Amino acid sequence: MAHGPAKGIGRWLFTTNHKDIGSMYLWFSFSMFIVGGFFAMLIRAELFSPGLQMMRPEFFNQLTTMHGLVMIFGAIMPAFVGLANWMIPLQIGAPDMALPRMNNLSFWILPVAFVILMSTMFMEGGGPNFGWTFYPPLSTTYAPDSVNYFIFALHIMGASSIMGAINIIATVLNMRAPGMTMMKMPMFVWTWLITAFLLVAVMPVLAGAVTMVLMDVNFGTSFFDAAGGGDPILFQHVFWFFGHPEVYIIILPAFGVISAIIPTFSRKPLFGYSSMVYATAAIAFLSFIVWAHHMFTVGMPLTGELYFMYATMLIAVPTGVKVFNWVATMFRGAITFETPMLFAIAFIILFTIGGFTGVMVAMAPADIQYHDTYFVIAHFHYVMVAGAVFSGTGAVYYWLPKWCGRMYDETMGKLQFWLAFIGFNITFFPQHFLGLAGMPRRYADYSLQFADWNMVSSIGSFIYGAAQILLLYNVIATIVAGKRVTEPKTWEGAEGLEWTVPTPAPYHTFSTPPEVK
Amino acid sequence: MATKTTGKLIAKLSAGAVVMFLFAMFVMPPLYDVFCEVTGLGGKTGDRYVATDATIDESRTIRVQFVATNNGEMPWDFGPTVHEVRVHPGEPTPVTFFARNPTDMDMVAQAVPSVSPANAARHFLKTECFCFNQQPLAAGAETEMPVVFIVDRDLPRAVNTITLSYTLFDITAHSENVASLSN
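Protein chains in written order, with the numbering used here: chain A, 1 to 517; chain B, 1 to 183.
Keep in mind the hints are simulated off the structure, nothing from the lab.
Watch out, some of these pointers could steer you wrong.
Derived contacts from chain A toward chain B, CB cut-off under 10 Å, selection only [unchecked claim]: (1) 144; (2) 207; (3) 237; (4) 297; (5) 300; (6) 301.
None of the values given here were measured: they were computed from a predicted structure.
Glycine residues also receive a C-beta, built at the ideal position from the N, C-alpha and C atoms.
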């Protein structure tokens, strides 16, 4: 298999190579990250001071909705699918993904979905303005006409995710190198295997929810319309039955990345490997039985509130196992603080803060105060941004030398880390205070007493935004002019099959399966 | 590569995805309805009840309050004729709600009941209710709409007050009953 990639644009359009598709996923995800980040910058600019400065509230609502949709379905999920495409075959000693053509399809329908979604913002009546959770009647009775395009786009994204997930499961279960038993797989592969099962289970539920909204809007059904015998609360149950596993779909692969980076720079094997596997599976299982904790204020019976409260707090146990395992891995390790390690350590600290606020919002009586305030915004940005995005950024710095055979500039990497870390905390830590003081989410304006912390938060967000531009610069500078590296093991403490192939990773790897002892 | 086992695996996973879609569309909504009916979640009350036992529990007196709300932009005047009655469990009680259509259009409404507290919902039985049907009302017309209810004798001891709330929805656009008005 001496032949390399095809020439010209055809290489990218028709490729079935897992590395090409992985790269496309990563670039697509980064471009969506910039778009979603641009929406966030507009939101923070509007909230810089009280009153309406830049936009109508209707447009603000479109921004918050699109920011959520683009970041979740366009930036974070494809980023980890991209990492999975690149790394899973390398980590299990497979020549490619199990279903290379479907892999191409599942990537290329994504840009289509996002073109459709973005185009709604230029339509008459504007784009989706009902929040990324699209609760009826906002998304049915009061929705702009573009809601049908939103639904179609979401269907395509769901199809893409399901195909990607099936591909990953087939690859992991059927294409491991001889000797690579399940309990020898790297944690990243394990977390992705479990995530893929979650995707297959819940993306169809999202498809069901949007289909019911579609029928209520266009075909006169009353799934969510009380006047016709339906119930808008039903939507929330269906949506969060998808939505809660969805947050673990986002964070589990991030756990896998951290479980790869921490041992490398601690120069010790991962502490408690098997407990990590079981904890991941436990989190995935629990994610199916806690959904109504997003709905404590809809008026549930006391037993319901109690059940969902305790079940939710239970998730802190396997998550705690993971955090303690990472800390134990670092304990007495010969630690060095390269950029990926900095992102991984920041992940552990900030994700734990987000986990603690998670336990706070899990408490039903307290949540009645926190619900729909900036406290919730702060909570989920600590787990989604400092969790998934920091982990993804760390992963890029960690594997970039392997991908392109060039080392990033350590000083620039560290600068980007500190800019991101400081910017992130200035943005989101004050939002805890705002939320506790009662500032509600999803409004373009706020009362005067919230002005100071909002200004601080906005300044922080501009710093955090600048850090992402620096990330883009760092990646491009590395690819174009980074110092060349050739040794297969780019990091001296790294272990695993991906570090046995030459650097940069050739177009075809493991054409003959490696022997795993 | 084991293509045969891969094919089987893909078939299973795809079937799983389809099953989950059908589950969300066709199992979750009815399941939710059953769940609400059993637990009284959301104050949902049952369909028409046929009284079987006429025993009245004179030892308890329950306050039943009536609340009426117009959904959204619904322009009708709508409310209970009496705001509160005191009843004994087991005793059929008739009450009425009034409605007036102040607009110059023929309209159709649908009332949706809800009972609070939730653990009383199952024990609040309606033998007759205007909410069982759509309510067409010609422009400017008004009407009195009957409800006959029985508070079940098994009502939990802790419940002394029950609130019956109706929300009135404008369903003119979705209804065929408008045409019948003009005849």
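key: Violations among the numbered hints, reported as their numbers in ascending order   = Violated hints (numbers, rising): 1 and 4; every other hint is consistent with the structure.
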